[in-house]
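Asks: Protein chains in written order, with our numbering: chain A, 1 to 237; chain B, 1 to 248.
Errors might be hidden in some of the hints.
In the SDA-like style, the derived pairs of lysine to any residue whose C-alpha atoms are separated by at most 25 Å in a straight line are [as the list claims (entries may be wrong)]:
1. B:Lys-151 to A:Val-13
2. A:Lys-205 to A:Arg-163
3. B:Lys-151 to A:Arg-50
4. A:Lys-69 to B:Glu-166
Derived by calculation from the structure, the hints in this document are not laboratory data.
This structure is a prediction, so every number in the text was calculated from the model and none was measured.
As a plain string of letters, each chain reads:
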Amino acid sequence: MADLKRLQVAVEVGDRETAVSVTEEALHEGIPPLVILDSMTDAMGVVGDRFARQEIYVPEMLISARAMKAALALLEPLLIGSGHRPDKIAVMGTIKGDLHDIGKNLVAMMLKGANFEIVDLGTNTPADEFMAAAREHRADLIGISALLTTTMGNMRSVVEAVRAATDLPHLRVIVGGAPVTRDFAVRIEADGWAPDAASAVDVAKAVVETARGRTAHSGFIDPDVVAALRAAAVAAV
Amino acid sequence: MRLQAITCDMLLRPVEHLAARSPHEVVLCELSASLHVETASLRERIQAEIDRIEGADPEADAIVLVYGLCGGATAGLVARTRPFVLPRAHDCATIFLGSRERYQREHEAVPGTYWFTEDQVKRGNALKGWLLGDAERSEGVEATYRAYVEKYGQENADYLMEALGEWQSHYERGAYLETGLAPDDAAARRAQQESELRGWRFERLASDLSLFERLLWGEWDDDFLVVRPGERLAMSFDADVVRAVPAS
Numbered sequence: 001m002a003d004l005k006r007l008q009v010a011v012e013v014g015d016r017e018t019a020v021s022v023t024e025e026a027l028h029e030g031i032p033p034l035v036i037l038d039s040m041t042d043a044m045g046v047v048g049d050r051f052a053r054q055e056i057y058v059p060e061m062l063i064s065a066r067a068m069k070a071a072l073a074l075l076e077p078l079l080i081g082s083g084h085r086p087d088k089i090a091v092m093g094t095i096k097g098d099l100h101d102i103g104k105n106l107v108a109m110m111l112k113g114a115n116f117e118i119v120d121l122g123t124n125t126p127a128d129e130f131m132a133a134a135r136e137h138r139a140d141l142i143g144i145s146a147l148l149t150t151t152m153g154n155m156r157s158v159v160e161a162v163r164a165a166t167d168l169p170h171l172r173v174i175v176g177g178a179p180v181t182r183d184f185a186v187r188i189e190a191d192g193w194a195p196d197a198a199s200a201v202d203v204a205k206a207v208v209e210t211a212r213g214r215t216a217h218s219g220f221i222d223p224d225v226v227a228a229l230r231a232a233a234v235a236a237v
Numbered sequence: 001m002r003l004q005a006i007t008c009d010m011l012l013r014p015v016e017h018l019a020a021r022s023p024h025e026v027v028l029c030e031l032s033a034s035l036h037v038e039t040a041s042l043r044e045r046i047q048a049e050i051d052r053i054e055g056a057d058p059e060a061d062a063i064v065l066v067y068g069l070c071g072g073a074t075a076g077l078v079a080r081t082r083p084f085v086l087p088r089a090h091d092c093a094t095i096f097l098g099s100r101e102r103y104q105r106e107h108e109a110v111p112g113t114y115w116f117t118e119d120q121v122k123r124g125n126a127l128k129g130w131l132l133g134d135a136e137r138s139e140g141v142e143a144t145y146r147a148y149v150e151k152y153g154q155e156n157a158d159y160l161m162e163a164l165g166e167w168q169s170h171y172e173r174g175a176y177l178e179t180g181l182a183p184d185d186a187a188a189r190r191a192q193q194e195s196e197l198r199g200w201r202f203e204r205l206a207s208d209l210s211l212f213e214r215l216l217w218g219e220w221d222d223d224f225l226v227v228r229p230g231e232r233l234a235m236s237f238d239a240d241v242v243r244a245v246p247a248s
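Go ahead and model the full structure; you've got the sequences and the hints to work with.
Replies: Shown next as structure tokens:
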């Protein structure tokens, strides 16, 4: 009998084999794919919280995300077949001049688990490629990463291109990466910023929800804003 | 002047050479390049040295940092009682190349460049992270791999080494920064081996030591930033690279 708690633990500890086998069992028993997906998303939420508390670090996040990705691969054909599509689309890439992508890859994996469709442009991505992909895929969000202080400045041109795109009024842009500070993100007028992959998921969700008019917030979004929005939502209940 | 210099040990050869020839008294403190693994650690360590020097040598004319921005590690450093000065550089490749402009040209031409210096190769620090997939893994990498196997199992450990080392497949050039000061070719040849192992083309680039010279000889023009007591170093997000802001 499939035990979704075992699936959650498997994702939390990065046990890919168990995550896949429990998912197979669960599907075989007719447990709805969306229910299984929810378990995995909850598990990645736990992983993100542990990372935020510095109980785990990047290697643990990577193996958890990989376990989830393998299990998710079993669900995807069924979800698509039943007409379920992710309701948010993000174009991700490392900025022009920068060839590092670990952070971006981790965020992309975690966003997939949070019901985003991801268009991954890889590394060394100039502004016009981000914009072309955003248009082609009708993206909600562009997520840019940088590992080098040398290349961070190139993020400005993506923000400018997004603002100039009057045909894409709902498109937003978030930035991150080791040297990318909140101060920099505010200065280049990005819509959001996160200091790590775990909080990037919450910021990405909040930025898209805000663009859709579903939050009472306007303006720059960082993890503190996400926490405040959550607190306000709880208080309102 | 008496200058208290704090230098990364990847730059030792040119620093010692030019400190010895400086018209000023230069006291050297070297810090391990391995501190770069964690930017907060590097920042804390340099600040601890700045604080120590300010306490131990209140008559020092200035503290010289032979560092660039180094991924943001030096942003946040505070000068309390003595000024400190550093080059306007994203990292030490600029210092070896001799100018921000030359570094920018090299970076734009070949963004996937791994920079080697004599001291870095000799200390084996640079590649301690991610030598992969061959019999020549460094000790540091082997130890990391064994720790991952023990903690996460072999399958996860293999995945981690691949994922964390993947950046190497995006790079195309190993560039050895030739200072003309090394006693032999050993470091350059080792850099070439490391490059070829990864399928990178190898180039030797001639350094221009003028930034080192001006830094250690007290000739601080627009290519340098002096951070005065009561100021803090910050990123400028423009061609100046760094700026000084009030510390509080």
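Asks: The structure should be examined with respect to each hint, and the outcome stated for every one.
Replies: Status of each hint after checking the structure:
1. Between Lys-151 (chain B) and Val-13 (chain A) the CA atoms are separated by roughly 10 Å; this keeps the pair inside 25 Å, and the hint holds.
2. Only pairs whose Cα atoms come within 25 Å are accepted, and Lys-205 (chain A) paired with Arg-163 (chain A) is accepted, the gap being roughly 20 Å.
3. Pair hint Lys-151 (chain B) plus Arg-50 (chain A) holds up; C-alpha atoms about 17 Å apart against a cutoff of 25 Å.
4. Only pairs whose Cα atoms come within 25 Å are accepted, and Lys-69 (chain A) paired with Glu-166 (chain B) is accepted, the gap being roughly 18 Å.
Of the hints listed earlier, there is not a single one the structure fails to meet.
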